Amino acid sequence: MTNVCVSVPELQVMNEGWREPFRKACGRIAPAWPLDQWIAVNPFWGLRQLPASRADQILKERAGFSILMPAEYYREAWEGGRIRKEDLQASIDERGGDRVGEQSDEHDTAWYLGWLSRAPTTPAPLRGSILDTFPGATGNHEISGLTEAASDQVSRVCGAFFDQRQGRWSISDSEASLFSFWLEQVRRDLALDFTTGLAGLRTFFKAVPDTIDHAILEAIQRIRVSGAELEGLCHSLLLRVNGWASWCRGVDWRAGLEGRSSDRCGEILAIMLVWESAGVAFASTGQKAEWQRSKTRARRAGGAEEQKHLWVWQRALEIGYQRTLWRAIASGSADAVRSRSHHENPEVQAVFCIDVRSEVMRRHLEAVYPAVQTLGFAGFFGMPIDHQRHGPLAPLRRLPGLLPASYRLIDTKGSLREDLAENRKRDQKEIARESVRKAKYTSLSTFTLVETTGLAWAWKLVKDTLKHGRKAGDTESLDGRLVHDHGGDPLSDAEKVSLVANMLRGMSLTSRFAPLLVLVGHGSHTDNNPNQAGLDCGACGGQSGGVNARLAARLVNDPQVRAGLAAEGIRIPDFTWAIAAEHCTATDKVTIADRHLVPDSHVQKLADLEARFAEAGLRVRKERATPLKLNGLSDDSLRQAMETRTRDWSEVRPEWGLANNAAIVFAKRSKTRGSDLGGRVFLHDYDPALDDDGNLLAALLAAPMIVANWINLQYFASVTVPGVYGSGNKLLHSVVGGNVGVVEGNGTQLRIGLPLQSVHDGTYWRHEPLRLTVLIDAPAERIETVLREEPDVAALVENQWVSLHRMSEGGVEHYDNGTWTAVG
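Here our numbering is used: the first residue of the sequence shown is 24, the next is one more, and so on.
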């Protein structure tokens, strides 16, 4: 082991150079959300400024994995007809274009078919960290023992530090230092030398400076890296504990939305860097040489020709899907013409979330009720709220993770006395629950809790086994005060008008209102499912959209708000009444909220709508039956089977969620009405005639499109890199830290992303990994203006994280490197 002495001048010089690579490495990691607020996140968000293929190379260099499927997958797609010869040729032609830094592709389709038939070579494992050069404590050189030991130790410390509820001794101080806590724990670990096989390692950590900056500087000096090499090493180290690094980034992200500062990701990186410096201190000369050779080989592996060929096949797969999408949209145009009269004078306007599951319900509702006009809008209905429920629980965020909460909806029973009574009742229930939790997680619980309370749980076990629990679709009455999130002042009438006006303009609904305006939120219902929030509305922060829909409907019906809207040119007729509903995506039952507020003049219209919802739900269930392996059942049996799945605590696939999502369309519904889009397309209404200045399109691409990209690439990565960006086998999940996340089995690594059962049915992948296709009905100049003014949108488009298209008079045009080319 070598010692390092860093002088004061050296510290001052180094202090100028390490912070930027450090910050960049943390920025490469995407954030993660708690289980009860889980939302899909693009795990490559920190790499969006790089071309997708270059990001793939970087991840191969730094972590040894690719973000693409293996060659066998594309071979199956070719043999199954999902990729045709014309798709492959189109992909080759795209790659042969004027891309910066790449030569023209001289290979033809026959060559690519021949290449695909050859067995791909399996490269030797990369050793991006010097920790990888150490064998396990048993001397097995096939196991990178020190890497595993370091990751395990850091993960265990993070589990204890971030615990919210489960631990006997919790770190409740949000200002506490993760780095200091880790340093204290590693110095106390009496078994550290034994578990790592390195005598003197604990002594090494006792000599690490207590101050995080000095510890980082000393580690960097020992490792002897700087600049781009330092950034690469830091990124590689974070990927070793990607789950916990993502959690730390999420803590930092949410703090930033609330105007607070946090650097948890920097702290966990400092910890990993100190571990790396320990590896350098204990490594032999031969290990250091091996590490240097591996780094050189990693850089070469990242740019291998084989990977470029895989990208050609990936793009061919996406072009094959787009071909079917253009055909489906064209086939529905005749039906759109037939329904135009109903669209201009609808009896009902039903606004759904843009969620791909809503596409199926909208399609069938329009089929059974031609007089309805359906629209698509983000499921939080423009209500950026925290929801403060009765009782001691923290407010729930009911808005996209990209946005800060501007307002708070506070539940009320109508009077202070009733609110206090309700809060006391719920406080007592939570105290009782907390007492059980504390007893459950004590060290003696296995000997005392089961014997003393086991019989008390018998009835619940019997009831859950017989699946007689709470029925899906149950709702509780809601009333609340809408106030500013900071300060607690009620909203003024002008602020309420602005909220509703922005919502109506966002969905391109500013005139020709129907007698009944229905805002349909959505949610799911499952039992014994830590991943429940992943099936709810992503636009509502992993919550159901019913609360947002009810608040929005209440504001639309407010006479003062309507008067203010009229002054802004949006006149809602007196005969229009707004109501809220919630679509259960597990059972396809639509439940109407606040029925008691509906005026007598609209009761029959509502009854007619409910009958059509029920008929549409029946059709949707039949369409979903085959992928759920429920086909062949009668209508009643199918409905009962789907309701049973929501209460079955052993069900690992209550529904398929957003699996197989592939595209988002910004256009009037008349452009896609009558098209069977297979439940794969996000649909957001957009009327280019109402957006001369392009501000609305800019808002849609900067928010709903990015949310769709996050969902799309979360599913993508959970299929292509399930070991890093997927959460593993649901059957082995254990919840850690209350709502922090899950680990698999007795592991310590936090698993992020989707469980295997959410994307795979046991035989086949249920999600086809495609980058998001974006189709917009707007002039080319307007779209290009948005690309110039919105850097995140431009990064996703220019770097091929999404595929951008527009509707034109001649069909569909594809945007690539500043030019538009007809493709369909």
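Any given hint could turn out to be false.
What the hints assert, rightly or not - Ranges between beta-carbon positions, derived for each pair:
#, residue 1, residue 2, range
1, Pro427, Glu832, 39 to 47 Å
2, Arg346, Pro158, 49 to 57 Å
3, Lys331, Thr649, 35 to 43 Å
4, Glu281, Thr649, 21 to 29 Å
5, Pro622, Arg440, 24 to 32 Å
6, Asn840, Asn368, 40 to 48 Å
7, Ser429, Arg811, 21 to 29 Å
What the hints assert, rightly or not - Pairs of lysine to any residue, SDA-like flavour, derived with a Cα cap of 20 Å:
#, residue 1, residue 2
8, Lys311, Pro158
9, Lys753, Gly701
10, Lys694, Arg528
Simulated from the structure, these hints should not be mistaken for laboratory data.
No experiment lies behind these values; they were computed from the predicted model shown.
Every residue, glycine too, gets a C-beta built ideally from N, C-alpha and C.
Open item on the list: Hints numbered earlier in the text: which of these fail when held up against the supplied structure?
Closed with: When the structure is compared with the hints, numbers 4 and 9 turn out to be violated.
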